[in-house]
Amino acid sequence: MSWGADDLVVRYGKTVAVDHVSVDAPAGQVTAVVGGDGAGKSTLLRCLAGAQAPLTGTVRRPAKEAVGYLPSSSGVYPDLTVTENLDFRATGYRLARSAARERAAEYLEQAGLTEASDRLAGQLSGGMRCKLGVIAAMLPKPQLLVLDEPTTGVDPVSRSGLWWLIARAAAEGCAVVLATTYLDEAERCASVLVLDEGKVLATGTSDEIIAAMPGALRSANAGGSGGSSPRASTARPEGSRAWRRGGQWRVWDPDATAGDFQPDLTDAVTVAAIAKEVRS
Amino acid sequence: MSPLARLTGVTKKFGEFTAVKDVDLNVEPGEIVGLLGANGAGKTTVIKMLLGLIGTTAGTVELFGQPPSRQTRRRLGYVPQSLGLYDDLTTMENLEFSAAAFGGKPGVKDTAIPDAIKQYGKDLIGALPLGVQRRVAFAQALEHEPDLLILDEPTSGVDPLGRARLWETIAGAAQAGAGVLVTTHYMEEASECSRLVIMAGGAVVAAGTAQEIIGTSQAVVVLAQSWADAFGRLEDAGLPVSLAGRGVRVPGARSEDVQRALGDLPAVVQDVPATLEERFFELVQGS
Numbered sequence: 001m002s003w004g005a006d007d008l009v010v011r012y013g014k015t016v017a018v019d020h021v022s023v024d025a026p027a028g029q030v031t032a033v034v035g036g037d038g039a040g041k042s043t044l045l046r047c048l049a050g051a052q053a054p055l056t057g058t059v060r061r062p063a064k065e066a067v068g069y070l071p072s073s074s075g076v077y078p079d080l081t082v083t084e085n086l087d088f089r090a091t092g093y094r095l096a097r098s099a100a101r102e103r104a105a106e107y108l109e110q111a112g113l114t115e116a117s118d119r120l121a122g123q124l125s126g127g128m129r130c131k132l133g134v135i136a137a138m139l140p141k142p143q144l145l146v147l148d149e150p151t152t153g154v155d156p157v158s159r160s161g162l163w164w165l166i167a168r169a170a171a172e173g174c175a176v177v178l179a180t181t182y183l184d185e186a187e188r189c190a191s192v193l194v195l196d197e198g199k200v201l202a203t204g205t206s207d208e209i210i211a212a213m214p215g216a217l218r219s220a221n222a223g224g225s226g227g228s229s230p231r232a233s234t235a236r237p238e239g240s241r242a243w244r245r246g247g248q249w250r251v252w253d254p255d256a257t258a259g260d261f262q263p264d265l266t267d268a269v270t271v272a273a274i275a276k277e278v279r280s
Numbered sequence: 001m002s003p004l005a006r007l008t009g010v011t012k013k014f015g016e017f018t019a020v021k022d023v024d025l026n027v028e029p030g031e032i033v034g035l036l037g038a039n040g041a042g043k044t045t046v047i048k049m050l051l052g053l054i055g056t057t058a059g060t061v062e063l064f065g066q067p068p069s070r071q072t073r074r075r076l077g078y079v080p081q082s083l084g085l086y087d088d089l090t091t092m093e094n095l096e097f098s099a100a101a102f103g104g105k106p107g108v109k110d111t112a113i114p115d116a117i118k119q120y121g122k123d124l125i126g127a128l129p130l131g132v133q134r135r136v137a138f139a140q141a142l143e144h145e146p147d148l149l150i151l152d153e154p155t156s157g158v159d160p161l162g163r164a165r166l167w168e169t170i171a172g173a174a175q176a177g178a179g180v181l182v183t184t185h186y187m188e189e190a191s192e193c194s195r196l197v198i199m200a201g202g203a204v205v206a207a208g209t210a211q212e213i214i215g216t217s218q219a220v221v222v223l224a225q226s227w228a229d230a231f232g233r234l235e236d237a238g239l240p241v242s243l244a245g246r247g248v249r250v251p252g253a254r255s256e257d258v259q260r261a262l263g264d265l266p267a268v269v270q271d272v273p274a275t276l277e278e279r280f281f282e283l284v285q286g287s
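For the record, the sequence lines run as chains A and B. Residue numbering for the first sequence is 1 to 280, as defined by this note's numbering. Residue numbering for the second sequence is 1 to 287, as defined by this note's numbering.
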């Protein structure tokens with residue numbers, strides 16, 4: 001059984017927050033939902049987690065007690081210690097305390113939180129609090145784990161601990177859906193859904209999204225980055241089909257069949273955003 | 001030409017705690033210097049010293065060849081992580097206030113207002129989407145044509161195209177001759193910088209271009225029928241395994257060790273150059 005959602009629509013007043021969006025979340029895989037602020041990621045994830053009902057469309061999700069959900073607000077109680085937060089979660093899900101504590105201890109160890117067990121959650125750094133939130137959501141061994149931007153604003157060291165937890169949940173057979181604004185993180189996931197203003201901008205595996213990119217890309221030295229000399233640079237190519245990346249100008253030609261380099265996921269998603277900008 | 005900003009042997013202690021240890025750092029005109037590090041590495045303390053908000057315990061900070069002061073602040077543009085805008089003023093009022101505080105001629109230069117924010121001139125900042133607010137914060141920091149631009153996590157929460165446009169603005173300022181010091185948690189953005197400085201535990205642990213910092217560091221990529229089985233076996237062997245699309249990566253490991261840990265599990269094992277993020281971990285853990 002694959003969890004997910006089909007043809008969801010959510011409105012807030014006149015704003016269409018989620019506009020006919022479908023997503024699959026297969027067991028044992030991590031699915032990324034990518035987009036900037038206001039793209040509709042949180043609304044979609046709330047629907048998947050059962051925290052919000054869509055206007056139309058259907059959500060495929062397991063029973064309530066088999067869903068783990070980390071809201072973007074981190075989902076832990078600041079006035080409880082790390083251990084108390086996890087005990088409380090275990091009680092709420094009616095887990096056997098000793099088994100839950102054993103699992104929690106292993107996750108805490110791997111996430112580098114063991115020494116913080118007796119600290120109040122409100123006094124942890126942002127990254128540590130996120131890791132605690134993910135551990136709490138993982139504790140009942142959910143079949144579907146929904147994580148709303150677990151890594152935003154988190155430093156690289158805590159991020160690595162978070163990714164270990166996420167991989168561990170998927171390795172145990174859980175379907176993981178996570179929101180992120182970063183495509184290098186999405187590239188680590190088995191499949192990717194890119195949202196923009198509530199609509200699907202691109203979807204598939206990273207390779208599929210790249211293969212589906214219309215046209216081709218050319219590049220030119222833009223100077224100033226990676227140690228290149230500013231003198232060697234070329235002027236910005238005209239028009240909205242050019243952008244800057246890693247010291248290069250990238251230019252999208254929608255009609256070309258061959259470019260001068262192989263695009264990656266970030267390039268393909270940028271092209272999709274430009275194509276949408278040009279249309280509107 | 002002397003550097004726009006120069007830290008020489010700078011140490012900063014807060015009580016018993018040493019936040020910054022013997023740091024040397026230069027920013028030259030026309031270059032973008034990326035300051036990377038985990039939380040608590042000392043990045044924010046370095047920025048506060050450059051802004052003149054706190055002094056040093058030892059060593060010297062120079063901006064434009066002088067100690068930080070109100071005069072040096074005038075030549076500096078700063079975008080804090082929180083953006084530093086007034087929610088209950090409009091876009092134009094924010095820009096006018098800032099221009100007045102920097103002591104320029106009355107009003108805001110029309111050329112300093114990007115087309116993308118013109119239509120929001122009379123809207124209260126607090127009511128605008130974060131992406132627009134961020135453009136306003138950039139316009140505000142650039143309006144007085146600063147010689148040095150300091151950006152703290154400038155692209156947090158921005159979509160890829162929006163991020164490319166912001167980096168175009170940053171690079172434009174650098175090509176016009178300004179120096180830029182930028183902090184980020186995202187290694188993907190490090191490729192936008194001319195030079196990187198990596199801090200850990202208050203000290204500089206590496207500096208140079210991304211290629212120079214990665215050097216010959218390697219990682220092992222494993223593609224197996226079932227990534228979860230590969231993950232489990234490598235983890236049981238105590239290797240630092242991480243998820244990578246439909247496979248896994250083991251940074252800093254040797255392919256023989258990975259092969260041995262996988263045992264009879266059918267898998268393709270390949271040595272590849274480490275990513276900057278993987279190298280970052282080696283450096284931070286080694287410090």
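Simulated from the structure, these hints should not be mistaken for lab results. Worth double-checking, as some hints may not be accurate.
Within a straight-line C-alpha distance of at most 27 Å, the following computed DSSO-like cross-link-like pairs (lysine-lysine) qualify [as the list claims (entries may be wrong)]:
| hint | chain 1 | residue 1 | chain 2 | residue 2 |
| --- | --- | --- | --- | --- |
| 1 | A | 276 | A | 14 |
| 2 | B | 118 | A | 14 |
| 3 | B | 109 | B | 122 |
| 4 | B | 118 | A | 276 |
| 5 | A | 14 | A | 141 |
| 6 | B | 48 | B | 13 |
| 7 | A | 14 | B | 48 |
| 8 | A | 276 | A | 199 |
| 9 | B | 105 | B | 118 |
Source: prediction; values computed, not measured.
A quick look at each hint next to the structure:
1. 276/A - 14/A: Holds, because 21 Å separates the two Cα atoms, which is no more than 27 Å.
2. 118/B - 14/A: 24 Å, holds
3. 109/B - 122/B: At roughly 16 Å apart (the allowed maximum being 27 Å), residue 122/B and residue 109/B satisfy the hint.
4. 118/B - 276/A: 22 Å, holds
5. 14/A - 141/A: 38 Å, violated
6. 48/B - 13/B: 13 Å, holds
7. 14/A - 48/B: Violated: residue 14/A and residue 48/B sit about 44 Å apart, past 27 Å.
8. 276/A - 199/A: With Cα atoms ~11 Å apart, residue 276/A and residue 199/A stay inside 27 Å; holds.
9. 105/B - 118/B: 20 Å, holds
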